[in-house]
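Residue numbers (the working numbering), protein chains in the order written: chain B, 1 to 223; chain R, 1 to 223.
Hints should not be assumed to be uniformly reliable.
Over the 12 Å line for every Cβ pair with chain R, so calculated as not near, a few chain B residues [to be verified]:
#, residue
1, 17
2, 19
3, 54
4, 60
5, 82
6, 87
7, 88
8, 95
9, 99
10, 109
11, 137
12, 150
13, 151
14, 153
15, 183
16, 215
Label pairs and their computed distance ranges (CB to CB) [claimed, not checked]:
#, chain 1, residue 1, chain 2, residue 2, range
17, R, 153, B, 170, 31 to 37 Å
18, R, 190, B, 180, 34 to 40 Å
19, R, 87, B, 191, 33 to 39 Å
20, R, 155, B, 213, 23 to 29 Å
21, B, 118, R, 212, 49 to 55 Å
22, B, 113, R, 89, 17 to 23 Å
23, B, 218, R, 129, 40 to 46 Å
24, R, 29, B, 173, 33 to 39 Å
25, B, 212, R, 151, 46 to 52 Å
If you are wondering where the hints come from, they were derived from the structure by calculation, not from laboratory data.
Remember, predicted model here, so these are calculated numbers, not experimental data.
Beta carbons are placed, not taken as given, at the ideal position from N, Cα and C, and that holds for glycine.
One letter stands for each residue in the lines below.
2 protein chains.
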Amino acid sequence: MGLSGGMDSATLLGFMLNEGAEVHCCHFQYGSKHNEYEKMAMLGLLAFYRYYQFPVYLHEFHLAEVFSKFNSNLLQSGGPIPEGHYKEESMKLTVVPGRNLIFSSIMAGLAESIGATVIALGVHSGDHAIYPDCRPEFIRSLNNTIFHSTDGKIMVNTPLLYEDKTTILKIGYNLKLPVPYHLTRTCYKDQELSCGKCGSCVERLEAFENIGKQDPIEYENER
Amino acid sequence: MGLSGGMDSATLLGFMLNEGAEVHCCHFQYGSKHNEYEKMAMLGLLAFYRYYQFPVYLHEFHLAEVFSKFNSNLLQSGGPIPEGHYKEESMKLTVVPGRNLIFSSIMAGLAESIGATVIALGVHSGDHAIYPDCRPEFIRSLNNTIFHSTDGKIMVNTPLLYEDKTTILKIGYNLKLPVPYHLTRTCYKDQELSCGKCGSCVERLEAFENIGKQDPIEYENER
């Protein structure tokens, strides 16, 4: 599965481990502004689940050079991260061309090499408006393409595809071992503390408000 | 388009340039045993077409670290290259998991970033038996997936998909500026001169025999 360190992939990881799966986590360093902080969150999540003796493995891929040729404000090579709501038109500046397709292709290659049969992605309904590579029609087609590419050996699984971030939090908190959201990182900006203002932070804070809980991570404007 | 330096992608390049296209060639260094020699061939092909003032551009991607985690005898990390016919069962050892899917995904990301509308691949019918990621059902699905991933901006074009290597040579030699096959490299082995014995060499030599021409490259056993 793809593990960024954000709350969606953290929930997916918790969900699959609670179901008894052995999970190989693929983390991609692709030159995004928040990659370093995502990585720290991802390592924290792995340490958490390893402490509880879950079978989790890490595979890291360095793709910053590849993505440096692409245009996106999410990348270090691009313009500033827009503020405002996650579904606003301005958030299209944060689309990274080919991202989920490239990540999934590499995961399919790895899965075939290690004998895994499923690749999982934490895409969800909040992503559909802005990110074409998170929509159901893309995921269905991707599943078909990876099936053919691997001669029928690998399937794509996206259990959160039709859920929003509020439902994702409910799923994560209701697991036998709840997801450690205090270890996750959602902000798109290149700074240690989450900004609370970019589309990604705004959507996360809304979801916590919707379930009546305080987001356990610290935000910049609280200082 | 993907340009390896072999005769299929060289023909595709010649074909598209003769049709008046501006072509951005993507070359991938992915840790295959013959990558260094492919690269020299690829650079020779570019120099040839540049000399004739065709609009060709090069984008190089380094993926050896990514592919080092995958299993294949084609890779430096894998076992020996099998000898014999290209369509034999033993050639399955040279399948590289996810290769065309990963390459196409990266090309789609680049195409979107530079405003190109088509990505082209030199896959052909000789590849269908052994390589799942060269078959028509994969290519059709890939086209659909990339269409969705890029919000309808990019298409996949594979003009040689149903042709064999013999027909490919006929196409290449019949272009107004024939393809410089003396500059191409087909052998899978890690050596300067082509071996003439691996499946890839055998298929190439058969194709030249079928059109009644001498292959213009030098082979090891001729010395």
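Against the structure, the hints come out as follows:
no.	hint	verdict
1	17	22 Å, holds
2	19	25 Å, holds
3	54	22 Å, holds
4	60	10 Å, violated
5	82	18 Å, holds
6	87	16 Å, holds
7	88	17 Å, holds
8	95	9 Å, violated
9	99	7 Å, violated
10	109	3 Å, violated
11	137	5 Å, violated
12	150	7 Å, violated
13	151	4 Å, violated
14	153	9 Å, violated
15	183	26 Å, holds
16	215	31 Å, holds
17	R/153 x B/170: 31 to 37 Å	36 Å, holds
18	R/190 x B/180: 34 to 40 Å	47 Å, violated
19	R/87 x B/191: 33 to 39 Å	56 Å, violated
20	R/155 x B/213: 23 to 29 Å	46 Å, violated
21	B/118 x R/212: 49 to 55 Å	51 Å, holds
22	B/113 x R/89: 17 to 23 Å	20 Å, holds
23	B/218 x R/129: 40 to 46 Å	58 Å, violated
24	R/29 x B/173: 33 to 39 Å	46 Å, violated
25	B/212 x R/151: 46 to 52 Å	36 Å, violated
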